[in-house]
Amino acid sequence: MIGIMGAKAISGVGSMGRFARFIWQSMVASVQSCSSTHSYSLIWTQMYFIGVRSVPVVMMTGAFVGMILSIQTYGQLAGMGLEEYLGSLINIAVVKELGPVLTAVMLAGRIGGALTAELGTMNVTEQIDAIRSMGTDPVKYLVAPRILACLLLTPVLIIFADLLGIIGGYLVSVVHLGINNRAYWLHSANAVEKWDVFIGIIKGLFFGVAIAAISCYKGFTCKEGAQGVGQACTEAFVASFISILALDFALVVISKAIYDTFWPLRSMV
Amino acid sequence: MKKKYDNNIDMEKNSNGMLTVKNLTKKFGTNVVLDNVSLTIENGKTTVIIGPSGCGKTVLVKHLIALLRPNSGEVYFKNHRIDNASEHELNKIRTHYGFLFQGGALFDSLSVTENIIFPIRQHCKITDWKEVEELVKSKLAMVGLDGFQQFYPSNLSGGQQKRVALARAIALNPEIILYDEPTTGLDPIRSDVINELVLKLQKELGVTSVVVTHDMKSAYKIADRIVMLHNGKIIADGNADHIRNHPHPVVQQFISGQVGEEDLAVLRMSGAISQTQFLPRDFE
Chain A
2 MIGIMGAKAI SGVGSMGRFA RFIWQSMVAS VQSCSSTHSY SLIWTQMYFI
52 GVRSVPVVMM TGAFVGMILS IQTYGQLAGM GLEEYLGSLI NIAVVKELGP
102 VLTAVMLAGR IGGALTAELG TMNVTEQIDA IRSMGTDPVK YLVAPRILAC
152 LLLTPVLIIF ADLLGIIGGY LVSVVHLGIN NRAYWLHSAN AVEKWDVFIG
202 IIKGLFFGVA IAAISCYKGF TCKEGAQGVG QACTEAFVAS FISILALDFA
252 LVVISKAIYD TFWPLRSMV
Chain B
3 MKKKYDNNID MEKNSNGMLT VKNLTKKFGT NVVLDNVSLT IENGKTTVII
53 GPSGCGKTVL VKHLIALLRP NSGEVYFKNH RIDNASEHEL NKIRTHYGFL
103 FQGGALFDSL SVTENIIFPI RQHCKITDWK EVEELVKSKL AMVGLDGFQQ
153 FYPSNLSGGQ QKRVALARAI ALNPEIILYD EPTTGLDPIR SDVINELVLK
203 LQKELGVTSV VVTHDMKSAY KIADRIVMLH NGKIIADGNA DHIRNHPHPV
253 VQQFISGQVG EEDLAVLRMS GAISQTQFLP RDFE
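As you go down the protein sequences, you meet chains A and B in turn.
In terms of our numbering, the first sequence has 154 at position 153, counting the first letter as 1, and numbering is strictly consecutive.
In terms of our numbering, the second sequence has 25 at position 23, counting the first letter as 1, and numbering is strictly consecutive.
So here's chain A without its partners, still in its complex pose:
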């Protein structure tokens, strides 16, 4: 029993070490790719697949989040006579938390799964070894463009999700539930600060890198066969999802500490 636990602990530490080394190699390769015009075409291609083609699903996610929040919270607020504050509640939730997190989760499913499956298939069919055998670094050729594309475009996709979340919430609250238009926007403007929007978008940088790095690592290390690729995709999504939530928690704590430091009076209000 102790032997099994020890073996698992050693295996876990080994996996962590390999992942840390992969992350380091990926970061170095990504920085090198930024200064190499040769890599730009690869980055553009990934930006199209990762960013442009994710816009519709991300916008739909954002719109539904706004609309559902509106329907769910209207009853409670109306009961206390505070329905005019619905805008502040919906918009702050969308901009600070739900927009970034749900966009990242959607990307982890859409992009993360695709990246792992693509790289995993390349791995089991020796295409990654073929890249190495031709004197090319597969991390620089395959991983760096995907990490850079996710890094640059996840914040942009969050902006799309936020925008549609705000519009969705507005349409249901004002058009469907009949809340006063002016009061809705006035309370929203008072509640949502530029800092909230900024932090929500900044989260996208971290989520994007986490999704791409985890998905690529799982693809590079997947086991042989169709089952191996399928298992790697599942593991990639689960690991990305947990990482998104863990990163979100860490970023909330850090951003709150920064906010309290620079604007102590506002944080007391």
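By construction, these hints were calculated from the structure, which means they are not laboratory data.
Fair warning: there could be bad hints in the mix.
Here are some of the chain A residues that sit facing chain B, going by a computed Cβ distance under 8 angstroms [as the list claims (entries may be wrong)]:
(1) T126
(2) R133
(3) S134
(4) D138
DSBU-like mimics (lysine-lysine), calculated; alpha carbons at most 35 angstroms apart, straight line [stated by the list, open to error]:
(5) K94(B) / K127(B)
(6) K29(B) / K47(B)
(7) K47(B) / K139(B)
(8) K9(A) / K29(B)
(9) K224(A) / K29(B)
(10) K202(B) / K132(B)
(11) K94(B) / K24(B)
(12) K202(B) / K94(B)
(13) K223(B) / K235(B)
(14) K139(B) / K219(B)
(15) K235(B) / K202(B)
(16) K205(B) / K139(B)
(17) K235(B) / K94(B)
(18) K235(B) / K224(A)
(19) K94(B) / K224(A)
(20) K132(B) / K94(B)
(21) K24(B) / K224(A)
(22) K235(B) / K9(A)
Counterexamples of contact, computed for chain B against chain A with all Cβ distances above 10 angstroms [what the hints assert, rightly or not]:
(23) K29
(24) N73
(25) A87
(26) Q204
(27) Y222
(28) D265
Using N, Cα and C, we set each Cβ at its ideal position, and we do this for glycine too.
Use these hints to put chain B onto chain A, whose structure you have.
Chain B alone, transformed into the frame defined by chain A:
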């Protein structure tokens, strides 16, 4: 086309040959795949590595290009030790190699042309695309596939994929080509086409070749030297005649393709096939 960088590693040919393997041992878990193997690949010659499936042929050839790292032992490309070299150093050294993978390992999202120009794009500064097109055409002509430039790997047969992979392997005019079972899965005629290609490349480009195979007809045709691996060790090493007349019973059994007494005993012990009574569920 200009190479993007000059290889600053001392690539002077030494008397020991193109590739030298010294006391190489490789284990996967507790399974010893290569056991203290030493070998020198001579410059400009075709060395064929034979042996039964699972004896470590592919593992050995992957060590020759440092795609795998040994547990112990050394591998040298000319004078340069590659088994402990960094990936950055290896990327430069590997431009001297061509590697034909067993399954071809073509990039399935790229066309035939894009596959062949992949190493050229990575290592050469392309100034004239017409020159590149002509180069692709000439490489495809060498493997008998001119006109297939716009095809994708999924549109090609197994033999055609291997020939495109070979065209890609020779795109940078390598000094050494490693072939991992180039004729496996091909019909006898296509196998012979591949054999002729190996001979043609050696004759026209003067390349050093290392061919992993268990196809003895192919081995006798192309080999200057045949090395036989068994249980992770080299048990025979010499030219085709030497191997044909080798006294080791395992060598004779392998080259004649006869089933061994141990395998026959297992078959006898498993009983008669007609005794098996697995029938469909609704069989009456």
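> Do the alpha carbons of K205(B) and K139(B) lie within 35 angstroms of each other, as the hint requires?
Replying inline: 20 angstroms, holds
> Was D265(B) rightly flagged as not at the interface, with every chain A Cβ beyond 10 angstroms?
Replying inline: For D265(B), whose nearest Cβ neighbour in chain A is about 26 angstroms away, the distance exceeds 10 angstroms, so it holds.
> Is the Cβ of Q204(B) farther than 10 angstroms from every Cβ of chain A?
Replying inline: Per Cβ check, Q204(B) is outside 10 angstroms of chain A; nearest 20 angstroms; holds.
>> Quick check on R133(A) please, does its C-beta sit within 8 angstroms of some C-beta on chain B?
In response: 6 angstroms, holds
>> So if I understand the rule, the pair passes when the alpha-carbon distance is 35 angstroms or less; does K132(B) with K94(B) pass?
In response: Cα-Cα ~26 angstroms, so holds.
> For the pair supplied as a hint, K202(B) and K132(B), is the alpha-carbon distance within the 35 angstroms limit?
Replying inline: 26 angstroms, holds
>> Does K94(B) sit within 35 angstroms of K202(B), going by the straight-line distance between their CA atoms?
In response: It holds: about 26 angstroms lies between the C-alpha atoms, which stays within 35 angstroms.
> Between K235(B) and K9(A), is the straight-line Cα distance small enough, at 35 angstroms or below?
Replying inline: 33 angstroms, holds
> Taking the closest pair, is the beta carbon of A87(B) still more than 10 angstroms from chain A?
Replying inline: 12 angstroms, holds
>> Hint check: K139(B) vs K219(B), CA-CA at most 35 angstroms. Holds or violated?
In response: Since the Cα atoms of K139(B) and K219(B) sit roughly 30 angstroms apart, the hinted pair holds (cutoff 35 angstroms).
> Within a Cα-Cα threshold of 35 angstroms, do K94(B) and K224(A) meet the stated pairing?
Replying inline: 29 angstroms, holds
> Just checking, Y222(B) versus chain A, shortest CB gap more than 10 angstroms?
Replying inline: 27 angstroms, holds
Hint compliance for this structure: every hint is met.
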